[in-house]
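J.: Chains as they are written, first to last, in my numbering: chain A, 1 to 356; chain B, 357 to 629.
Because the hints were derived from the structure by calculation, they are not lab data.
Incorrect hints may appear among the rest.
[Claimed, not checked] Here are the simulated lysine to any residue pairs, SDA-like style, with alpha carbons at most 20 Å apart:
id : chain 1 : residue 1 : chain 2 : residue 2
1  : A       : Lys214    : A       : Glu187
2  : A       : Lys5      : B       : Leu529
3  : A       : Lys171    : A       : Lys134
4  : A       : Lys224    : A       : Lys171
5  : A       : Lys5      : A       : Glu58
6  : A       : Lys171    : A       : Gly240
7  : A       : Lys134    : A       : Gly88
8  : B       : Lys475    : B       : Gly486
9  : A       : Lys214    : A       : Gly88
10 : A       : Lys224    : A       : Phe234
11 : A       : Lys214    : A       : Gly32
12 : A       : Lys5      : B       : Phe543
13 : A       : Lys171    : A       : Glu187
14 : A       : Lys116    : B       : Ala421
15 : A       : Lys214    : A       : Ala22
16 : A       : Lys106    : B       : Gly486
17 : A       : Lys134    : B       : Gly536
18 : A       : Lys182    : A       : Ala221
19 : A       : Lys106    : B       : Val548
20 : A       : Lys106    : B       : Gly544
21 : A       : Lys182    : A       : Tyr285
22 : A       : Lys106    : B       : Arg541
23 : A       : Lys116    : B       : Arg539
24 : A       : Lys224    : A       : Gln143
25 : A       : Lys106    : A       : Glu78
26 : A       : Lys134    : A       : Glu121
27 : A       : Lys106    : B       : Leu529
28 : A       : Lys116    : A       : Ser140
29 : A       : Lys214    : A       : Glu78
30 : A       : Lys5      : A       : Arg117
31 : A       : Lys214    : A       : Glu58
32 : A       : Lys106    : B       : Phe543
33 : A       : Lys134    : A       : Gln99
34 : A       : Lys106    : B       : Val542
35 : A       : Lys214    : A       : Pro350
36 : A       : Lys224    : A       : Gly32
[What the hints assert, rightly or not] Far from chain B, by Cβ distances over 10 Å, these chain A residues were calculated:
id : residue
37 : Gly19
38 : Pro104
39 : Gln108
40 : Arg151
Note that beta-carbon positions come from the ideal geometry of N, C-alpha and C, so glycine has one too.
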Amino acid sequence: MRKIKAAEIGAEAIGKSFGSFAALTDISLTIGRGEFVTLLGPSGSGKTTFLMILAGFEAATTGRLTLDGHDLTNTPAEARAFGMVFQGYALFPHMTVEQNIAFPLKVQGRTDSDIKRRVGEMVEMVGLGGHSHKRPSGLSGGQQQRVALARALVYDPPVLLLDEPFSALDKNLRGQMQDEVKRLHRELGTTFVFVTHDQSEALALSSRVAIFDKGTLQQIAPPKEVYERPANRFVAEFLGDINILNISDVSVTPDGAQASFEGQSLRIAGMPGTPSRVLAVRPEYMSLCLTRPDTGNAIAATLRDLTYLGAETQLSLASAGQVPLVLSVPTAALPTGLTIGASVWAAWPPDRGIFL
Amino acid sequence: MPTLPRSALLIAPLIGFTVLTYLVPFLGILRWSVTLPEPGLGQYQTALSDPLVLSVFLRTLRICAVVTLTAVSAAYMITLLWVRGSPAQRLAVELCILIPFWISVLTRAFGWLALLSNKGILNTWMQSLGILSEPLTMVRNEFGVVVGMVHFLIPFAAFPLASAMRAVDERALLAARGMGAGRARVFGQIFVPMTASGILGAALVVFVFALGFFVTPAILGGGRSVMAAELIYLRIFQSPDWGLGAAVSVILMLAVGAMLALLMRRVRPGRPQ
Numbered sequence: 001m002r003k004i005k006a007a008e009i010g011a012e013a014i015g016k017s018f019g020s021f022a023a024l025t026d027i028s029l030t031i032g033r034g035e036f037v038t039l040l041g042p043s044g045s046g047k048t049t050f051l052m053i054l055a056g057f058e059a060a061t062t063g064r065l066t067l068d069g070h071d072l073t074n075t076p077a078e079a080r081a082f083g084m085v086f087q088g089y090a091l092f093p094h095m096t097v098e099q100n101i102a103f104p105l106k107v108q109g110r111t112d113s114d115i116k117r118r119v120g121e122m123v124e125m126v127g128l129g130g131h132s133h134k135r136p137s138g139l140s141g142g143q144q145q146r147v148a149l150a151r152a153l154v155y156d157p158p159v160l161l162l163d164e165p166f167s168a169l170d171k172n173l174r175g176q177m178q179d180e181v182k183r184l185h186r187e188l189g190t191t192f193v194f195v196t197h198d199q200s201e202a203l204a205l206s207s208r209v210a211i212f213d214k215g216t217l218q219q220i221a222p223p224k225e226v227y228e229r230p231a232n233r234f235v236a237e238f239l240g241d242i243n244i245l246n247i248s249d250v251s252v253t254p255d256g257a258q259a260s261f262e263g264q265s266l267r268i269a270g271m272p273g274t275p276s277r278v279l280a281v282r283p284e285y286m287s288l289c290l291t292r293p294d295t296g297n298a299i300a301a302t303l304r305d306l307t308y309l310g311a312e313t314q315l316s317l318a319s320a321g322q323v324p325l326v327l328s329v330p331t332a333a334l335p336t337g338l339t340i341g342a343s344v345w346a347a348w349p350p351d352r353g354i355f356l
Numbered sequence: 357m358p359t360l361p362r363s364a365l366l367i368a369p370l371i372g373f374t375v376l377t378y379l380v381p382f383l384g385i386l387r388w389s390v391t392l393p394e395p396g397l398g399q400y401q402t403a404l405s406d407p408l409v410l411s412v413f414l415r416t417l418r419i420c421a422v423v424t425l426t427a428v429s430a431a432y433m434i435t436l437l438w439v440r441g442s443p444a445q446r447l448a449v450e451l452c453i454l455i456p457f458w459i460s461v462l463t464r465a466f467g468w469l470a471l472l473s474n475k476g477i478l479n480t481w482m483q484s485l486g487i488l489s490e491p492l493t494m495v496r497n498e499f500g501v502v503v504g505m506v507h508f509l510i511p512f513a514a515f516p517l518a519s520a521m522r523a524v525d526e527r528a529l530l531a532a533r534g535m536g537a538g539r540a541r542v543f544g545q546i547f548v549p550m551t552a553s554g555i556l557g558a559a560l561v562v563f564v565f566a567l568g569f570f571v572t573p574a575i576l577g578g579g580r581s582v583m584a585a586e587l588i589y590l591r592i593f594q595s596p597d598w599g600l601g602a603a604v605s606v607i608l609m610l611a612v613g614a615m616l617a618l619l620m621r622r623v624r625p626g627r628p629q
């Protein structure tokens, strides 16, 4: 399998305003050669605007872009020629699959035999053999997205930009296409920048996740890190459920910190983040006990609701002070004979609490 | 036998009106064409062999072809500005399309006459500016007819073109640019083919309309550039040759019908983009 050139992209203090509205403020990041970076955020967070600036379809109001260290800020989109995959596929309806994929090669003025060979290779690579002479309207959504991927990759662009490419697909197809994109990235080694609002997609695909909110970059780190060591409350709450505890009497100890919550003394080990008055714990790290456990942290609570989800069961609790708690417990590990209204304990190891 | 839905009754007066005012007279014309002055297909034979009638048919076809080509190309550029221009451009173009559209065809033909005739505004200006020494003949010939017809038909071409252009997926154009295609290539190889159905629809509408044009050629052609519709008028109202007039009508009607059938087939809805 051919390995193609991959480029490094740099953004320095990129800002974008539409009139008085600041769509992006001071975005600085570097995307390394062959990296797979996901831009994640709710709608209106600026992630798509940032992608459009990378592509060259929008001009940044302030800041500078570089490609392998060369200034790119004022280079028009057609001169950047990054591969681009859109949510609605954006195929050319009047061209066959083959002609769609050949288009960027024709733009580059490649020879007919070269075009034929590469298009053939690409059609095989995305598993569209036998569909070459069909029009896009004769293909399923997944097949159309494969054509879009092949068309964006066939000319070995230095960077591939993907704008929520799978949000129109159903769940199964989406999983298949995610595997496909992961495989293409592994095989081709191109730099991928992928926009999504789906946090599980971002965690599953990327080498690093950049989280956007209200036009600012909140955190950029590997999936495990953004999930387990969120930089702030927005990131923590955006990436799945999290229990937020407003703690008091925080004091630093040799092995971490100590605090109290509703009269219970809590220990925080491993110092994730700087000590503050907000402690966060992921639902899957909390376990349910019928009596107070001997070790670790525990809060007395009342069981409010129980949702069976197959392998896991989601429990809704309320602490003595009516703070809502969510626990995600393996169904197999659930104590028997639980009833709504029962007095229980929510427990977690000291190294699973995060200061926000 | 399936019974007609009750709602069909509601539209019955309209159908009755159409039958009474269009179908019955047309059947009358059809009868004249094969009975006057004597029964048989003699008038069709005359219509398709008389050099005068043939020259009118040829001129009609030629003028319609030129008008279609000119009106659709002009409308394409105007509509492009209408659909994709800045808000101010859109408003300006919209007014330029709609205001003439609301003015009667007769008024517009006389307007062009005032502008283009030998003692008209354009000739007078150019002569007093010293650009011309002799007036330039721009009416009472095919040029005048074409100008008047193109002007009248541009809005009819603009509407189908606009709906085709609005249906173009902006992202396909972005995708093409992103792959390195310059503006000219994006326009020629992506945008124009993506609006092909609109171009075809506009061309057929303009052509079909142009075939039956009467007022504009009569005024701006000044009796020299006679087209099929004017020929029918002359045969029925001025020389008592109703049979030939009727035969030419039927031929024109068939031509229009064939074009419309083609139009319906090509722009049938339900073709996914």
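J.: Hint by hint, say whether it matches the structure.
T.: Here is how each hint holds up against the structure:
1. A threshold of 20 Å between alpha carbons decides the hint, and for Lys214(A) with Glu187(A) the separation of about 35 Å lies outside it, so the pair is violated.
2. In summary, the hint linking Lys5(A) to Leu529(B) is not supported, as the alpha carbons are separated by about 26 Å, beyond the 20 Å threshold.
3. The suggested pairing of Lys171(A) with Lys134(A) is violated, with an alpha-carbon distance near 25 Å, which exceeds 20 Å.
4. Restraint check: the Cα-Cα separation between Lys224(A) and Lys171(A) comes to about 23 Å, which exceeds 20 Å; the hinted pair is violated.
5. Among the hinted pairs, Lys5(A) with Glu58(A) is inconsistent with the structure: their alpha-carbon atoms are about 25 Å apart, more than 20 Å.
6. Distance check on the hinted pair: Lys171(A) and Gly240(A) sit about 18 Å apart at the alpha-carbon level, within 20 Å; holds.
7. Taking the CA atoms of Lys134(A) and Gly88(A), the gap is near 18 Å; set against the 20 Å cutoff, the hint holds.
8. The hinted pair formed by Lys475(B) and Gly486(B) meets the criterion: a straight-line CA distance of about 15 Å does not exceed 20 Å.
9. Our distance criterion of 20 Å between C-alpha atoms is broken by Lys214(A) and Gly88(A), whose separation comes to about 25 Å.
10. Under the criterion of a C-alpha separation no larger than 20 Å, the hint pairing Lys224(A) with Phe234(A) is consistent with the structure, at around 16 Å.
11. With a C-alpha separation of about 25 Å, the suggested pair Lys214(A) and Gly32(A) falls outside the 20 Å cut-off, and the hint is violated.
12. Taking the CA atoms of Lys5(A) and Phe543(B), the gap is about 30 Å. The hint is violated against a cut of 20 Å.
13. Between Lys171(A) and Glu187(A) the alpha-carbon distance is near 24 Å, which puts this suggested pair outside the 20 Å criterion.
14. Distance restraint check for Lys116(A) and Ala421(B): the Cα-Cα separation of roughly 40 Å exceeds the 20 Å cut-off, and the hinted pair is therefore not satisfied.
15. The suggested pairing of Lys214(A) with Ala22(A) holds, with an alpha-carbon distance near 9 Å, which does not exceed 20 Å.
16. For a cut-off of 20 Å, the pair hint linking Lys106(A) to Gly486(B) is broken: about 53 Å separates their Cα positions.
17. A distance of roughly 24 Å separates the Cα atoms of Lys134(A) and Gly536(B); the hinted pair therefore is violated under the 20 Å criterion.
18. Pair hint Lys182(A) plus Ala221(A) holds up; C-alpha atoms about 18 Å apart against a cutoff of 20 Å.
19. Proximity of Lys106(A) to Val548(B) is assessed by CA-CA distance (about 18 Å); at most 20 Å being required, the pair is judged to hold.
20. At most 20 Å may separate the alpha-carbon atoms for a hinted pair to count; Lys106(A) and Gly544(B) meet this at roughly 14 Å.
21. With a CA separation close to 29 Å, the supplied pair Lys182(A) and Tyr285(A) exceeds the 20 Å bound.
22. Annotation: proposed proximity of Lys106(A) to Arg541(B) holds, straight-line Cα distance about 11 Å (limit 20 Å).
23. Distance check on the hinted pair: Lys116(A) and Arg539(B) sit about 25 Å apart at the alpha-carbon level, beyond 20 Å; violated.
24. Between Lys224(A) and Gln143(A) the CA atoms are separated by roughly 32 Å; this puts the pair beyond 20 Å, and the hint is violated.
25. With a C-alpha separation of about 14 Å, the suggested pair Lys106(A) and Glu78(A) falls inside the 20 Å cut-off, and the hint holds.
26. Distance hint between Lys134(A) and Glu121(A) is fulfilled; the C-alpha atoms sit about 17 Å from each other, no more than 20 Å.
27. A hinted pair counts as satisfied when its Cα atoms are at most 20 Å apart, and Lys106(A) with Leu529(B) qualifies at roughly 16 Å.
28. At roughly 24 Å between alpha-carbon atoms, Lys116(A) and Ser140(A) are farther apart than 20 Å, so this suggested pair is violated.
29. Pair hint Lys214(A) plus Glu78(A) does not hold up; C-alpha atoms about 29 Å apart against a cutoff of 20 Å.
30. Taking the CA atoms of Lys5(A) and Arg117(A), the gap is about 19 Å. The hint holds against a cut of 20 Å.
31. Between Lys214(A) and Glu58(A) the CA atoms are separated by roughly 18 Å; this keeps the pair inside 20 Å, and the hint holds.
32. Only pairs whose Cα atoms come within 20 Å are accepted, and Lys106(A) paired with Phe543(B) is accepted, the gap being roughly 15 Å.
33. Between Lys134(A) and Gln99(A) the CA atoms are separated by roughly 10 Å; this keeps the pair inside 20 Å, and the hint holds.
34. Using a Cα cut-off of 20 Å, the hinted pair Lys106(A) and Val542(B) holds, with the two alpha carbons roughly 12 Å apart.
35. Taken as a hint, the Lys214(A) and Pro350(A) pair is broken in the structure, with Cα atoms around 33 Å apart against an allowance of 20 Å.
36. Between Lys224(A) and Gly32(A), the direct Cα distance comes to roughly 18 Å. Compliance with the 20 Å bound is thereby established for this hinted pair.
37. The beta carbon of Gly19(A) is kept farther than 10 Å from every beta carbon of chain B, the shortest such distance being approximately 14 Å.
38. For Pro104(A), the shortest C-beta to C-beta distance to chain B comes to about 4 Å, within the 10 Å cut-off, and the non-interface label is violated.
39. Interface exclusion of Gln108(A) from chain B breaks down, the closest Cβ pair being 7 Å apart, not more than 10 Å.
40. Separation of Arg151(A) from chain B is inadequate, the least Cβ-Cβ distance of about 7 Å not exceeding the 10 Å criterion.
Taken one by one, the earlier hints fail for this structure at numbers 1, 2, 3, 4, 5, 9, 11, 12, 13, 14, 16, 17, 21, 23, 24, 28, 29, 35, 38, 39 and 40, listed in ascending order.
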